[in-house]
Structures are given as C-alpha cells and as structure tokens.
Amino acid sequence: RGLPGSVQDTAGHVRHGVEGMQASLSRARSFHDLSGMVLAQSHETVTRAQLSIDEFIEYVGQHAPLPWLVGPFAPVLVEYPEDSPVEMAKWNGCVTVGGG
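134 is the number of the first residue of the sequence shown in the working numbering; add one for each residue after it.
Hint data in this document are derived by calculation from the structure and do not stem from the laboratory. All values derive from a computational prediction rather than experimental measurement. Heads up, a few of these hints could be off.
[Unchecked claim] DEER-style ranges, computed between Cβ atoms:
| id | residue 1 | residue 2 | range |
| --- | --- | --- | --- |
| 1 | H196 | R162 | 15 to 21 Å |
| 2 | P137 | Q174 | 24 to 30 Å |
| 3 | G135 | M170 | 37 to 43 Å |
| 4 | E177 | A144 | 16 to 22 Å |
| 5 | A144 | V171 | 20 to 26 Å |
| 6 | P198 | F164 | 28 to 34 Å |
| 7 | P198 | D166 | 46 to 52 Å |
| 8 | D142 | L172 | 26 to 32 Å |
| 9 | V193 | H149 | 18 to 24 Å |
All C-beta atoms, glycine included, are put in the ideal place defined by N, C-alpha and C.
Sequences and hints are given; from them, build the entire structure.
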C-alpha cells in the first residue's frame with residue numbers, strides 16, 4: 134500500500150517465487166532428496182529475491198518521508214554517533230543493537 138504499482142508487482146513476483154521455492158523444498162527430507170535442477174532454481178530464486186529486496190530498500194530510502202522511517206530502531210542511530218562503538222546483545226534469540 135502506498136507504493137507504486139511497479140514496486141508492488143516486484144514484491145508480488147518475489148513472494149510468488151519464494152512460495153514456489155518453499156513448496157519444492159518442503160517436500161524433501163534432506164538436500165540429498167533434491168535434484169540439482171531444483172537446487173539451482175532455488176539458488177536463482179533467492180538471488181533474485183535478495184536483489185529485489187536491495188532495490189526496495191534503496192527505493193524506500195530515497196522516496197519515503199523521514200518520519201515514516203522513524204521507528205524503534207531509529208533512536209540507536211541518533212544516540213550513537215558513527216564513530217562510537219555500539220554494543221550488540223542477544224534478546225530472546227534476536228540480535229538487538231544497544232545492549233540494554
């Protein structure tokens with residue numbers, strides 16, 4: 134929502150590709166059960182998805198209003214200048230910035 138149709142279309146294609154890949158991989162009990170073709174297609178799908186995500190992040194960074202980007206992650210960026218070390222801590226299995 135709120136994104137140009139081309140960005141939404143790309144997101145839809147990525148989602149469709151990843152869902153198809155997940156369906157193919159979920160049938161296997163191990164990687165040995167997968168053909169080289171399925172593995173190659175999965176690798177290609179992941180590569181395309183990563184490129185699309187990178188393009189999306191770049192688009193949002195260039196076109197989204199700054200207040201839209203401010204969230205729970207932004208204070209860390211403001212509180213710690215780039216030359217200050219930022220402590221990384223684990224919390225419930227997730228990596229968080231700022232340690233607290």
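Going through the earlier hints one by one, which of them does the structure break, listed in rising order? Hint check: 1, 6 fail, others pass.
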